[in-house]
Amino acid sequence: MSAPYDLLARLVGLWSDGLGWVGERLGIEMLDYVFMHHAFLVGALIAVMAPLIGTFLVHRQLALIGDALAHTAFAGVAVGLFVNSLLGTGISPYVTAIVVAVIAALAIELISETTDAYNDVSMAIVLSTGFALGAVLISLNTGGLAVGINQYLFGNLSTVSRENAVLLVVLFAVVALVVTVTYKQLLYVTFDETAARVAGVNVPWYNRLMTTLTALVVVGAMQIMGVILVAAMLVVPVAAAAQLARGFREALLASVVLAQIAVLAGITLSFHYNTTAGGTIVLVAVAVYIASVLAGKAQSRRAGEEPLPTPED
Amino acid sequence: MSGSRTGGDDGPLVEARDLTFGYAASPVVEDVDLRVERGEYVGIVGPNGSGKSTLLRLLLGLHEADAGSAELLGHPARAFAERERVGYVAQDVTEDEKRMPITVAEVVLMGRFPHAGFGRVTAADREHAREALRTVGIEHLADRKITALSGGQRQRTYIARALAGEAELLVLDEPTVGVDAESVDAFFDLLDGLVADGLTVLLVEHDIGAVIEHASRVVCLNREVYFDGDPVAFAESDALDRAYGTNVRREEGGIVT
Chain A
1 MSAPYDLLAR
11 LVGLWSDGLG
21 WVGERLGIEM
31 LDYVFMHHAF
41 LVGALIAVMA
51 PLIGTFLVHR
61 QLALIGDALA
71 HTAFAGVAVG
81 LFVNSLLGTG
91 ISPYVTAIVV
101 AVIAALAIEL
111 ISETTDAYND
121 VSMAIVLSTG
131 FALGAVLISL
141 NTGGLAVGIN
151 QYLFGNLSTV
161 SRENAVLLVV
171 LFAVVALVVT
181 VTYKQLLYVT
191 FDETAARVAG
201 VNVPWYNRLM
211 TTLTALVVVG
221 AMQIMGVILV
231 AAMLVVPVAA
241 AAQLARGFRE
251 ALLASVVLAQ
261 IAVLAGITLS
271 FHYNTTAGGT
281 IVLVAVAVYI
291 ASVLAGKAQS
301 RRAGEEPLPT
311 PED
Chain B
1 MSGSRTGGDD
11 GPLVEARDLT
21 FGYAASPVVE
31 DVDLRVERGE
41 YVGIVGPNGS
51 GKSTLLRLLL
61 GLHEADAGSA
71 ELLGHPARAF
81 AERERVGYVA
91 QDVTEDEKRM
101 PITVAEVVLM
111 GRFPHAGFGR
121 VTAADREHAR
131 EALRTVGIEH
141 LADRKITALS
151 GGQRQRTYIA
161 RALAGEAELL
171 VLDEPTVGVD
181 AESVDAFFDL
191 LDGLVADGLT
201 VLLVEHDIGA
211 VIEHASRVVC
221 LNREVYFDGD
231 PVAFAESDAL
241 DRAYGTNVRR
251 EEGGIVT
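Residue numbers (the UniProt record's numbering), protein chains in the order written: chain A, 1 to 313; chain B, 1 to 257.
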């Protein structure tokens, strides 16, 4: 393997050693397992990436795009497994999932740009196509492959390998870097597309960029969350943060904090009660969302008591 | 003001020649000639569906004209790059569907984004934004969520966004839709003040009375230009009746369609 990979693998190893040491010192049993170290690392990265991208999506009313791309990522996994069994190659299904999901992401944008279809129509078409393609390819495969598919559908903590952790670190770096550089443009497009165009922002280009980043996040999160529930991480913490925050930066920060709570608590509960990780994380996230709604209501009731000052108008 | 301006310093800020847009059989905008000089306050009026908003979008370079040309600050509108020189205020986007958490200060700071490009927003950018909020009189609302503001306050926020960007030309597309009558008056007073300070304003507005009262020039559009000139002369001409058909009633204190 190449030098950058070795470096990242060593960093993941250091993280693992660190958590193992902490677990030993504090007597935390679940930290005895290396796969849990990887799961916590991957989970923490997901809980930054997903709400980060999700905040832009939700406030453009594109919450469903994550769901559509997750289902095409499933087709990508199927393509990987199919090619491997056909040619005897050992390509990671996550790599083919990234490729297929990014192609699907651009297809969604192309469909909305070139036809008059509503955005949700193009998403529904891509979602169904992705899942159908995945299902057909898997049924073409004989024998034990269909058994392994569950981990992609529902996610699995114990299969998070060092390679997967490294892949996640790379995806995280790409997503974080791109959002940092294009934050202003993405915010402008999200808030007001026409004003953004007048201000010289190339709106179609940023739409494609946003959708492509979503594809990367979805594939990254699929490992733990599973295809079916991955979109929840893009939406639920963001919806919760919107109940509490006044500003956009504040909302971004709050959504990341709430997602971290959901992921860390979810993984821990999942380990102790031997429940599926994706489902557990989503249930915790929904509980956080409900708490946020209640807190937001209480907050606005307090704020409602002091009337908004009006200037001369 | 930055010194690297490459055009439009003496020439018109907006110049359209024979501008035509729409399907060949039924153009939305046809053969429109329009010049807006620095310091002017031009109000475009016309019935619903008369192509007012389309004309603005052509002038801003958002649409490609089918015939004729549109120039913005001396450059072809479609290729115009110095976007910070033009401010844009439309009907309120937060009114119905947007419940996005964003503060007034964050919205106004967007006016600085064309200056910052891919770089960071600087302390000077923030100062420009604060100054713009002071100018429109809502500095005290900077940290409010934009959806907690009234329609009039939100429109002031969008004006402040344009001012923060140091726009020379302010383009407004029906900015008073959904704003209560009292705030509309204050809004036009604010615009008057900005024009007095040297801003050039191009306004599309359904309230003909307000345009006649405030603008320095009226353009009456219904696919083609029916009138272009002095507001008082417009009020006395028959251009309105011709452009709108015969359904215009003249009432005391204003004209209602």
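What the hints contain is simulated information worked out from the structure, not anything from laboratory work.
The C-beta atom is built at its ideal place from N, Cα and C for all residues, glycine as well.
Some hints could be false.
[Stated by the list, open to error] Label pairs and their in silico Cβ distance ranges:
hint	chain 1	residue 1	chain 2	residue 2	range
1	B	R78	A	Y5	21 to 27 Å
2	A	V136	B	G22	44 to 50 Å
3	A	D6	B	P76	50 to 56 Å
4	A	T89	B	S69	45 to 51 Å
Hints versus structure:
Between R78(B) and Y5(A) the beta carbon distance is about 46 Å. The supplied range of 21 to 27 Å is therefore violated. Against the hinted window of 44 to 50 Å, the Cβ-Cβ separation of V136(A) and G22(B) comes to about 46 Å, which satisfies the hint. Our hint of 50 to 56 Å for D6(A) and P76(B) holds, since their Cβ atoms are close to 53 Å apart. A C-beta distance of roughly 57 Å is found between T89(A) and S69(B), which places it outside the suggested range of 45 to 51 Å.
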